Amino acid sequence: MRLEKIKQALSSLAVTDEIEVVKTIPAPPAAEGEEQAKPTEVKEKVPQLMLFTPDYAKKGFHLDVKVASADVVQAAQLLIDQEFFLEAITGVDWIKEGQIEVVYDFNHWQTLCRVVIRTRTDRSQPEVPTISAIYSGANWHERETHDFFGVNFTGHPDLSPLLLPEDADYHPLLKDFTA
Amino acid sequence: MSLDVIDKSLETFVLNLGPQHPATHGVLRVKLTMDGEYIVHAEPVLGYIHRMHEKMGENRTWAQFMPNTGRLDYLAALSYNHGYALAAERAEGIEVPERAEYIRCITVELNRIASHLLWFGAFVLDLGGFTPLLYAFDDREQILDLLESVTGARLTFCYFRFGGVYNDIDDNFITGSREFIKRLRSRMPMYHDLVSKNIILIKRLKDIGPISQEMCRRYGATGPVLRGSGVNFDVRKHEPYSVYPEFDFDIPVYTEGDSMARYMVRMDEMEQSMRIIEQGLAKLPEGPVMAAKAPKILKPAKGDYYAAVEAARGSFGIRLVSDGTNTPYRLKLRSPTFSNLSLFSEACRGMILPDALALMGTLDLVIPEIDR
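Top to bottom, those sequences are chains A and B.
Heads up: the first sequence begins at -9 in this note's numbering, then just goes up one per residue.
Heads up: the second sequence begins at 17 in this note's numbering, then just goes up one per residue.
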């Protein structure tokens, strides 16, 4: 019930990505006396709405939504309206794709419903709007993510290093970081 | 008792609390802007013992990271072992034998009592009462001896394995645990008489340091802080893991939201943990303590995984991102006290300093876990 409600609310924000799927095309039936040809496999790009309800027992969360960076604030507003609380914010460096993913974990006090909001931003100039005006706790989580990944949370009141030294100009969780 | 400080143009001064102040229990620094005795603004300064556990996780195999989890919250390290083991087992799809699950719950609950006892002693010490600390440490020492006999460590445990636990418990541990529960039960009324009903303590805590539910939601506070504000949220009941559904226990909830409520939640939780241990020891099944087919080297399928446990201080979560190799691609540690401390700045505004320190005490901070 809770899941359906939030899923519906977030579905308008979910982005549609082109994902690669492998399709198998069966070979035409062989003529008499000939050997059966093998089916051919082709990679195809198909549009896919990035909103999933994974198997909770396997994954540990109920709803996984990818939104555009600009829509993060709106998504946070939808979640707080339905009384979700923020567990954590973190990043993942996808260096091969040249992107940084920012992941938001939400949960609910009354009904178990873990919602994951994720967004991707360009690795060379990572920028995501802040949600600290909605979730006050996001202030520190975003500062930490800025420390570790260099993500610039636009509109954040104070992005000075939280866990790193005050003069730190490096971002240790980037995959190309060397001490 | 708190006053709103409105006029910031009044003469204020900056007071530095910590990083080596006994009331911060570790190396936490708080920059306080004071108007006389009243706090205008408080800014916690973190990172004094930041060790970058999350990067270490990316540079070692799944199993090699287990000792790190014992070094986050050094007062209730087994919960962190448990959280990490659950996350990795979920990713790899490992089944844990029932006996091992029971042993996990029993040892984690013992560890929770030890953590709460230390908090109790140190918290009353913060408020100026020295004696309870000596009693609480005496009790806690019994638990550490018990846990040492099975895990080999007294503080930084690395007892759980993917697929079970490293060592089976023996009869000495079982009888020892039963005796300890008997002993602690007989001492709890003394603690309540000596401390909980003490008029000085009540005056210091009652109606002081209110934290509302709405504030908890915005900051993501969990654990006794949240339950002291009247929200019945405990991961053990909310998102049952291991064999917790097999146990009959209650979640203490107080609705006042003041420092006293958070104090009472922790005192009551010790009794509930004792109930879980008793039931666990009575129901303890025979069998192996390690899954027979647990792989030595983990290579979970690509993807994200999340697992959460109720640690002594709130909901501890682990987010794993696997790329299918024998090391995690990304390993995020969601620390409960990080979120709990983040509300301190807002909650203590307008309070007098000694009350703010009492409020900070009820947050039950463990700095290595905040800094990671």
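What the hints contain is simulated information worked out from the structure, not anything from laboratory work.
Be careful, since some hints might not be right.
[To be verified] Computed from the model, here is a short list of chain A residues facing chain B with C-beta under 7 Å:
(1) F75
(2) L76
(3) A78
(4) I85
(5) G88
(6) W99
(7) Y125
(8) G127
(9) L149
(10) D157
(11) Y160
(12) L163
[Claimed, not checked] Partner residues are not named here, just some residues of chain A that face chain B (Cβ under 10 Å, in silico):
(13) K35
(14) V63
(15) H131
(16) E156
[Said to hold, decoys possible] According to the in silico footprint, chain A covers these stretches of chain B (three or more CB under 8 Å from chain A):
(17) 150 to 161
(18) 194 to 202
(19) 209 to 221
(20) 283 to 297
(21) 314 to 323
Remember, predicted model here, so these are calculated numbers, not experimental data.
No residue lacks a Cβ here, since even glycine has one placed at the ideal position from N, Cα and C.
Status of each hint after checking the structure:
The closest approach between the C-beta of F75 (chain A) and any C-beta of chain B is roughly 5 Å, which is under the 7 Å cut-off, so the hint is satisfied. Taken as an interface hint, L76 (chain A) checks out: its beta carbon lies about 4 Å from the nearest beta carbon of chain B, inside 7 Å. Hint status for A78 (chain A) relative to chain B: holds, with the closest Cβ pair at about 4 Å, below 7 Å. Using the Cβ-Cβ criterion of 7 Å, the hint placing I85 (chain A) at the interface with chain B is not satisfied: the shortest such distance is roughly 10 Å.
Here the hint on G88 (chain A) is broken, as its CB sits about 16 Å from the closest CB of chain B, past 7 Å. A hinted interface residue such as W99 (chain A) counts as satisfied when its beta carbon comes closer than 7 Å to some beta carbon of chain B; here the least separation is about 5 Å, so the hint holds. Nearest Cβ of chain B to the Cβ of Y125 (chain A): about 6 Å, under the 7 Å cut. The hint holds. Contact between G127 (chain A) and chain B, as hinted, is supported at the beta carbon level, the nearest pair being about 4 Å apart and thus within 7 Å.
Interface restraint check: L149 (chain A) against chain B, minimum CB-CB distance 14 Å, threshold 7 Å, status violated. Violation of the interface hint for D157 (chain A) is found here, the shortest Cβ-Cβ separation to chain B being roughly 12 Å, above the 7 Å cut-off. Among the interface hints, the one on Y160 (chain A) is violated; its C-beta lies about 11 Å from the nearest C-beta in chain B, farther than the 7 Å criterion. About 6 Å separates the beta-carbon of L163 (chain A) from the nearest beta-carbon of chain B, less than 7 Å, and the hint is met.
Evaluation of the K35 (chain A) hint against chain B yields a violated restraint, the C-beta minimum of about 19 Å exceeding 10 Å. Of the supplied interface hints, the one on V63 (chain A) is violated, with its beta-carbon coming no nearer than about 15 Å to a beta-carbon of chain B, more than 10 Å. At about 8 Å, the closest approach between the beta carbon of H131 (chain A) and any beta carbon in chain B falls short of 10 Å, and the interface hint on this residue holds. Taken as an interface hint, E156 (chain A) checks out: its beta carbon lies about 9 Å from the nearest beta carbon of chain B, inside 10 Å.
With 0 residues having a Cβ less than 8 Å from any Cβ of chain A, the region 150 to 161 of chain B misses the three-residue criterion, and the hint is violated. With 0 residues bearing a CB less than 8 Å from a CB of chain A, the region 194 to 202 of chain B misses the requirement of three and the coverage assertion fails. A stretch counts as covered by a chain when three or more of its residues have a beta carbon under 8 Å from one of that chain; for the region 209 to 221 of chain B and chain A the count is 0, and the coverage is violated. Beta-carbon proximity to chain A at under 8 Å applies to 0 residues in the region 283 to 297 of chain B; the threshold of 3 is not reached and the given coverage is violated.
For a cut-off of 8 Å, the count of residues in the region 314 to 323 of chain B with a CB near a CB of chain A stands at 5, and the three-residue condition holds.
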